[in-house]
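What follows is the residue order along each chain.
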Amino acid sequence: MSDTIELAVTRYRPEQDTQPWEQRYTVPCSDDMSVLDALNYIKDALDPSLSHRWSCRMAICGSCGVMVNGEPKLSCKTFLRDYREAGVLEVRALDNLPVERDLVADISGVVEHIEAVKPWLIRHSEAPVDTAHSQTPAQMARYHAFSQCINCALCYAACPQFGRNPAFLGPAALTLAQRYNLDSRDEGSSERMPWLNAEEGVWSCTFVGYCSEVCPKDVDPASAINRGKVASDINYGVNLFRLLRGKGDA
Amino acid sequence: MRRSHEPISWSLFGAGGMLLAFIGPGLIASTLLLGWLVQDPQALYATLSSGLQHPLTRLATLAVIALPLYHTAHRLYHGLHDLHIKGPTWLLGGFFYGGATALSALCAFWLFTL
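From first to last, the protein sequence lines stand for chains A and B. So the first sequence is numbered by this note's numbering: it starts at 1 and just counts up by one. So the second sequence is numbered by this note's numbering: it starts at 1001 and just counts up by one.
FYI, nobody ran anything at the bench for these hints, they're computed from the structure. Incorrect hints may have been included.
SDA-like cross-link-like pairs, simulated, lysine to any residue; straight-line CA separation at most 25 Å [as the list claims (entries may be wrong)]:
{"id": "1", "chain 1": "B", "residue 1": "Lys1086", "chain 2": "A", "residue 2": "Lys118"}
{"id": "2", "chain 1": "B", "residue 1": "Lys1086", "chain 2": "A", "residue 2": "Asp95"}
{"id": "3", "chain 1": "B", "residue 1": "Lys1086", "chain 2": "A", "residue 2": "Lys247"}
{"id": "4", "chain 1": "A", "residue 1": "Lys247", "chain 2": "B", "residue 2": "Ala1015"}
{"id": "5", "chain 1": "A", "residue 1": "Lys118", "chain 2": "B", "residue 2": "Ser1004"}
A few chain A residues that don't get close to chain B, going by computed Cβ distances all over 10 Å [unchecked claim]:
{"id": "6", "residue": "Glu71"}
{"id": "7", "residue": "Asp82"}
{"id": "8", "residue": "Arg123"}
{"id": "9", "residue": "Asn197"}
{"id": "10", "residue": "Glu199"}
{"id": "11", "residue": "Thr206"}
{"id": "12", "residue": "Asp220"}
{"id": "13", "residue": "Val230"}
{"id": "14", "residue": "Asn239"}
Beta carbons are placed, not taken as given, at the ideal position from N, Cα and C, and that holds for glycine.
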């Protein structure tokens, strides 16, 4: 069993490099070392110029997403021991997103898409402060899995449709729209439906399903989007009925 | 945001997929088994023909044929996109959805002029 492993890191420093290039580092390898530990080792002991984004080290903050041997992964949740056989780990910034520097992808476009669908509880009237909006366990179960998203953007790196058309709202944004639309306390679905109903909404998805495979929190965005398609389908029918009765486009 | 008209083709796709998933395998298996099980093909043809005289049976048969046609057309149309095969939307859409519509119309014509 080798006690070191080689990392092939794609570097890109915009002020110096005209294009990305590969730099190899040899790092210690033990059973409990994650890819994030390896990157921190490089930063601390080998090359302080390497840039990577991280914070919590426990798959909660969603900031350390990178491509590991071509797959979108949280580097804190990916272990070197699983790559001993391969010998070399290729690490690069998340696919489908602009690269700010080295392993840091610019996720501002993803954040804009997420904000667009208003991922918060929308109420027409507030409940009195001394009561809560009660919810049964069954009502919570309808959206709970979709609420586990940590906005890590791995699903955007996995999505071929987002890669071809960055205007596509993408897996996380559509999942969050569905998460709040399914919440019994929410009254804002009419504000989110126009986003789902658009070509750049649920209808750009061709159900490849890779988003659900790479999701580190088992959110299953592909399922959320398909359920969004059913909702948009019903919305289309209801709207058609409205138009036939001479009412305006909803 | 402009509303997409994709729900029309997706509804047909979804309905065809559901039909195929629930009764498609049974229909195919029973059709294949007919060759072994049926002693008198003439009598079977007569039975099926008389069954098809009822408008509801004709409609159900049309649904079993037309909806999976739309399902297939929709999947192939979007499959081309996934395979990066490009072409004018009117041509590809016309070919797949138009083809499914033409075959469904032909099927309806046969069924209702039996």
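Evaluation of the provided hints:
no.	hint	in the structure
1	B:Lys1086 - A:Lys118	violated, 34 Å
2	B:Lys1086 - A:Asp95	holds, 23 Å
3	B:Lys1086 - A:Lys247	violated, 38 Å
4	A:Lys247 - B:Ala1015	violated, 28 Å
5	A:Lys118 - B:Ser1004	holds, 20 Å
6	Glu71	holds, 19 Å
7	Asp82	holds, 29 Å
8	Arg123	holds, 23 Å
9	Asn197	violated, 5 Å
10	Glu199	violated, 4 Å
11	Thr206	violated, 5 Å
12	Asp220	holds, 19 Å
13	Val230	violated, 8 Å
14	Asn239	violated, 7 Å
Of the numbered hints given earlier, the model fails hints 1, 3, 4, 9, 10, 11, 13, 14; all others are met.
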